[in-house]
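Keeping the supplied structure of chain E fixed, place chain P upon it in accordance with the hints.
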Amino acid sequence: MSTAQPEPVAPLVEHFFRREAGRLVAVLTRFFGWRNFELVEEMVQATLVDALQSWRVGGVPQNPSGWIHRVAKNKVLDQLRRSEIGRRVTRQWAAARPAHDESIDDLFLDTTIEDSQLRMIFACCHPRLQRENQLALTLKALCGFGNSEIARALLLAEETVKKRLQRARRDLVDHHVSLDPPEAGELVQRLDVVHQVLYLIFNEGYSSSKGETAIRADLCEEAARLCYLLCSHERCSTPPTRALMALMLFHAARLDARLDDRGCILLMEDQDRTKWDRRLIRRAQEFLDQSAEGEVVSTFHLEAGIALYHCSADSYAETDWPAILRLYDALLSLHRSPVYLLNRAIVVAEIEGPQAGIRALDEVSGDPALRHYHLFDTTLGEFYRRAGDLTRARQHLEAAKHKTSSPHDRELIERRLAKC
Amino acid sequence: MANFLFVYRGKNEAFTQFSPEEMQQHMQKWATWIQEGMQKGWMVNPGDALTQEGRVVNAKKVVTDGPFVESKEIVGGFSIVEADTIAAAAELAKGCPALLAGGSVEVRALAGLKA
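Respectively, the protein sequence lines represent chains E and P.
All residue numbers for the first sequence refer to our numbering, where the first residue is 646 and numbers rise by one.
All residue numbers for the second sequence refer to our numbering, where the first residue is 4 and numbers rise by one.
Note that these hints are calculated values from the structure, not bench results.
Be aware that a few hints might be false.
Said to hold, decoys possible - Only pairs whose alpha carbons sit at most 20 Å apart, straight line, appear in this in silico SDA-like list of lysine to any residue:
(1) E:Lys-720 - P:Gly-57
(2) P:Lys-43 - E:Gly-704
(3) E:Lys-720 - P:Lys-43
Said to hold, decoys possible - Sample of chain P residues facing chain E (criterion: CB under 8 Å; computed from the structure):
(4) Gln-27
(5) Ala-34
(6) Trp-45
Note that beta-carbon positions come from the ideal geometry of N, C-alpha and C, so glycine has one too.
Only chain E is shown next, with the shape it has when bound in the complex (with noise of 0.2 Å):
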C-alpha cells in the first residue's frame, strides 16, 4: 500500500454517469441493433457498476470517460467470443462496410459517439413511434434517465412507463428502424419530429409546476443539450433547429427568475429582471439571428420571436405588446394551440384593456382544451378583477382551483383570491 498522502477524491461533472449512459446506449445499440437492446442495456450497466465500485473508495481516474469507454470495449469484445449474439453481429457488422472502416475501436471515438447519439435522436423520434413513448424513450435512451427518473419527470407511474418503452422497443423491432440516418429527401419531415419531442420535453421541464424542481430542471437541460448536439451538425442544423435553439435558450435564461424561493412560478410582471441570464439571452439571439434563413417561418421562430420583445424589454411596462400580438396571430394561423389562443389574450388586455381581454377569451371559450386548462380561469378571473368586478373574478379563481391538483398552482390562485 502506497505511504503516500493520498489525493483527495477528484469531483465528477454533475451528471456525468447519466451523460456516459446515453453515449454507451447510442454506440452500442448502434453496434447491436435494437433487438439485442436488453443485452445493451445490462452491458452500460454493468460498465457503470464497474466504475460506481472502482472509484467510491480510491477515487475517480484522471480521464473518467476513457476509463468506462475502455472497460466498456471489453466487455463487447467479450460478449462477441462468449455468445451467440455477439457472433452473429460482428458477422453483420463486417458483411454490412468495407473492411477497416469503423472497426470496435473506432465505436468510441468521441466523433462516432456524437454520430451515434445523433443517429439515436432519430430512431427514438422515429414517426412509427407513439409521441409518448417517444419522450420515454427519449429520455431512457439518449439523457440516462431511469424508469423512476422518467416517472417522476413526467408524473406517470412507473409501471406506465415500463409499459411505453416496452411499447417503443417493440415498434422499433417490427418495423425494422435501424439506426441509419435518415436519407436527404426524409430529413426535414424527420428532423421535423425530432423538434417536437425535443420541444415537449422542454415544456415538460418549463411550463408544468407539479413535481420536484430539481428533475424539471434537468429535462430543461437534456433537450437543450440534444437541441444543440443537432445545431452542431451541418445537415441538421436547419433554421427551425437554429430557432428552437434560440427558444430554449431564451427560456433557459429566465428559468431561475421565475420561481420564487418556495419553488411557485412567478408571473413574468413579478420577476426580477435582473435575474435573468444575459450571456443566455445573447447566445439565443446569436441562434435567432442564424435562424433566420430560407422561406420556412416555424412555430419555434415565432415562440422565440415573442419571448426576444419579453427579453428585450427593460420593464414589463415596456413590452412591445404590439409586436408580440402580431407574432402571436402567426402563431394561431400555423397552429390553433389552446396556450396561443389564452397567451394572446394576454396581450390584448395589455394593449386594450382587460374588457378586450375578456372579450377576446370569451371567443374562444368554446375550445373544450382550453375551458378544462386551469389557466383559462385564472386569466378570466384576473381580467374581472382589474376590470373592478371582483365578485366574477373570484367565481373564475375558484372555477381555476378546482382544475389543478398542484399545490403550487394553487397557491398562485389563493394569491390572486387574496386581492379581490
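Leaving out everything else, chain P in the frame of chain E:
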C-alpha cells in the same frame, strides 16, 4: 490512538437497480464521507477499491480464478482509519455509504508492531 482496517463488503448485484444518476449520488456520498474523514484526521488512508478480477492459490499451488462471485458479500475495498478504541472505530464505520447499499464494514485492529 490506534489504527484500524475497514474492509468494505457488499453484494455484487447491489447496484444493478441503480439509475446512472443514483450511482453518481452514491459516488458523491463516498467522496463526501472520505473527504470529511481526511479533514477530521481519522481517515488515515482511504485505501483503494478492489476490481472484480482475482485469483486464489491453494496449498497445492493450484491457481483458480476468483473473485467469488457466488459469495454473498464480496470484498470491495479497504481503508485505514485512526481511533482511540475499536468501539470508536466501529462508530466511525456507521457513517460509511456502503451500509446504504446493503453492504457492511468489517472493522479490524491493526497489530501495529512495525510502528
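For each hint, the structure was consulted:
no. : hint                 : in the structure
1   : E:Lys-720 - P:Gly-57 : holds, 17 Å
2   : P:Lys-43 - E:Gly-704 : holds, 18 Å
3   : E:Lys-720 - P:Lys-43 : violated, 40 Å
4   : Gln-27               : holds, 4 Å
5   : Ala-34               : holds, 4 Å
6   : Trp-45               : violated, 14 Å
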